[in-house]
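These protein sequence lines map, in sequence, to chains A and B. Just so you know, the first sequence maps onto residues 1 to 255 in my numbering. Just so you know, the second sequence maps onto residues 256 to 510 in my numbering.
Keep in mind the hints are simulated off the structure, nothing from the lab. Quick reminder that beta carbons are idealized off the backbone N, C-alpha and C, glycines included. Mixed in with the good hints there might be a few duds.
[Unchecked claim] Stretch-level coverage of chain B by chain A, calculated; a stretch enters the list once three of its residues show a Cβ under 8 Å from a Cβ in chain A:
#1 286 to 292
#2 306 to 318
#3 332 to 343
#4 377 to 388
[To be verified] Incomplete in silico selection of chain B near chain A, CB under 7 Å:
#5 T297
#6 A298
#7 S303
Listed below, chain by chain, are the residues.
There are 2 protein chains.
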Amino acid sequence: MVNDDTVEALRDADDSRFGGPFLGVLGGMGPMAGAVFMERLTALTPGSVDQAHVPAILWSDPRIPDRPAGRAGMGPDPLPWMRNGMRHLERAGARAIVIPCNTAHVWYDALAAAVSVPVLHIVSAVVDDLRRQGVARGRIGLLGTATTLRLALYQRELTRLGYTCVVPDEDELARHCAESIRLVKMNHLIDARGPATEAVVSLLRRRVDAVVLGCTELPLALPHAVRGEFGTVMTDSIDALALAAIAWHAAAVGS
Amino acid sequence: MVNDDTVEALRDADDSRFGGPFLGVLGGMGPMAGAVFMERLTALTPGSVDQAHVPAILWSDPRIPDRPAGRAGMGPDPLPWMRNGMRHLERAGARAIVIPCNTAHVWYDALAAAVSVPVLHIVSAVVDDLRRQGVARGRIGLLGTATTLRLALYQRELTRLGYTCVVPDEDELARHCAESIRLVKMNHLIDARGPATEAVVSLLRRRVDAVVLGCTELPLALPHAVRGEFGTVMTDSIDALALAAIAWHAAAVGS
Numbered sequence: 001m002v003n004d005d006t007v008e009a010l011r012d013a014d015d016s017r018f019g020g021p022f023l024g025v026l027g028g029m030g031p032m033a034g035a036v037f038m039e040r041l042t043a044l045t046p047g048s049v050d051q052a053h054v055p056a057i058l059w060s061d062p063r064i065p066d067r068p069a070g071r072a073g074m075g076p077d078p079l080p081w082m083r084n085g086m087r088h089l090e091r092a093g094a095r096a097i098v099i100p101c102n103t104a105h106v107w108y109d110a111l112a113a114a115v116s117v118p119v120l121h122i123v124s125a126v127v128d129d130l131r132r133q134g135v136a137r138g139r140i141g142l143l144g145t146a147t148t149l150r151l152a153l154y155q156r157e158l159t160r161l162g163y164t165c166v167v168p169d170e171d172e173l174a175r176h177c178a179e180s181i182r183l184v185k186m187n188h189l190i191d192a193r194g195p196a197t198e199a200v201v202s203l204l205r206r207r208v209d210a211v212v213l214g215c216t217e218l219p220l221a222l223p224h225a226v227r228g229e230f231g232t233v234m235t236d237s238i239d240a241l242a243l244a245a246i247a248w249h250a251a252a253v254g255s
Numbered sequence: 256m257v258n259d260d261t262v263e264a265l266r267d268a269d270d271s272r273f274g275g276p277f278l279g280v281l282g283g284m285g286p287m288a289g290a291v292f293m294e295r296l297t298a299l300t301p302g303s304v305d306q307a308h309v310p311a312i313l314w315s316d317p318r319i320p321d322r323p324a325g326r327a328g329m330g331p332d333p334l335p336w337m338r339n340g341m342r343h344l345e346r347a348g349a350r351a352i353v354i355p356c357n358t359a360h361v362w363y364d365a366l367a368a369a370v371s372v373p374v375l376h377i378v379s380a381v382v383d384d385l386r387r388q389g390v391a392r393g394r395i396g397l398l399g400t401a402t403t404l405r406l407a408l409y410q411r412e413l414t415r416l417g418y419t420c421v422v423p424d425e426d427e428l429a430r431h432c433a434e435s436i437r438l439v440k441m442n443h444l445i446d447a448r449g450p451a452t453e454a455v456v457s458l459l460r461r462r463v464d465a466v467v468l469g470c471t472e473l474p475l476a477l478p479h480a481v482r483g484e485f486g487t488v489m490t491d492s493i494d495a496l497a498l499a500a501i502a503w504h505a506a507a508v509g510s
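Whole structure, please, built from the sequences with the hints as guidance.
Put into structure tokens, the structure is as follows:
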């Protein structure tokens, strides 16, 4: 039966204004990092009215199995879950996808292969941000999950570009990085600040020129307001990815 | 041709683990309110691991035309844009939808009719939150856009339940509420605090028992940390809607 709702739906479906370059965001890893990505995407976009901002679809599936455990073979494989989210984003209209989770980038090739739209890489976004902040060479301190650091997600690209990478030792990784990430995932953002601060300080003792917050939980433990105290260049992988997305969108709409 | 990717896609599509009660969020009105809704949804969910959180899909289309202007016939009609988002959310798997924009609820009936899944109403969520905070009767001060207040979105329901509503006069609406909302939409959250504070104070002078932040921009102008200073019960329509969504999800998964 063709009722009024059907007529409306057909009329709306015909409306080409609704299309355009939507950004897809594969979130939920963790859910707070995905939400904060959306917030930073908004805060970092220049513009004084709603309509100036980047249209986006966030797929936030916090049930995606733990990435470090999955990679280590100690838990279910997160890849089929992540692929499911990528496909939903593409089907819903995303013309490019970002993944605000560093560890998930260990599966980057398989995720990019699951869709036909570009997937902006978080490491490229961080490199662009380092250069934007004037760090084109030197010693880069890396913080992140043990998985990200052991699999050299950042090291390979940074070394290729001539940077020297400095990483925490296994004991620091456990006591500082992993502990801070665990507390953020429990929503204990204030408690997470102590171990995250220790993590940064231990890299500064090794005379780094910049610190990469290479896990999307770590920026939540170290709010922007406290970062100035460290007196070093810091690159926040959430902000870097948001800036890459804003640049993609500006190019896609031809502005 | 059936290649490896196709085989993988078919295998994934068959995987029933990926379903379940996803929450749909019609955001972008403004984009910061939608992002902060996702953040509060996460912060207010009890749970210490990612997997305890509510699976959600955020449709953030900031191009949705201005709601107050559209309602007044001074700008394009936002309804077809909002309906488009509702349908995308349903198609992507949402089993219930929330709309973190009070003014959009002026179109609630048309939006609810566009989908076959329940749409949790922001006014019901706020009423539940008032009761949760112990305010079951009395004088309720309302802040929001001129559209929301003039069309009595909150007043009708609150009056029906026996509350007395107190609203700002037209001058206060323009100088305090509208100004604060405008500054939030420009990302000037700190500047927005002054007029938002004035708006609350002018209601307190009229001896209200509680204040409803009945526009999803206003909670962004008055962070949780500063609300205690007012010495009154405050209901934040973003938090209230997030709590309603968490309760819906808990019931849907049978916990």
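Hint check:
For the segment 286 to 292 of chain B, the stated coverage by chain A holds: 5 residues have a C-beta nearer than 8 Å to a C-beta of that chain, and at least 3 were required. Counting residues of the segment 306 to 318 of chain B whose CB falls under 8 Å from any CB of chain A gives 13; the rule of at least 3 is met. Under the rule that three or more residues need a Cβ within less than 8 Å of chain A, the assignment of the segment 332 to 343 of chain B holds, with 6 such residues. Counting residues of the segment 377 to 388 of chain B whose C-beta sits closer than 8 Å to any C-beta of chain A gives 0, which falls short of three, so the coverage hint is violated.
Given hint, B/T297 at the interface with chain A, holds; its Cβ is 4 Å from that chain's nearest Cβ, closer than 7 Å. Restraint check, B/A298 versus chain A: the minimum CB separation of about 6 Å is within 7 Å; hint holds. With its C-beta approaching chain A no nearer than about 4 Å, B/S303 sits inside the 7 Å limit, and its interface hint holds.
In summary, the structure is inconsistent with hint 4 from the numbered list given earlier, while agreeing with all the others.
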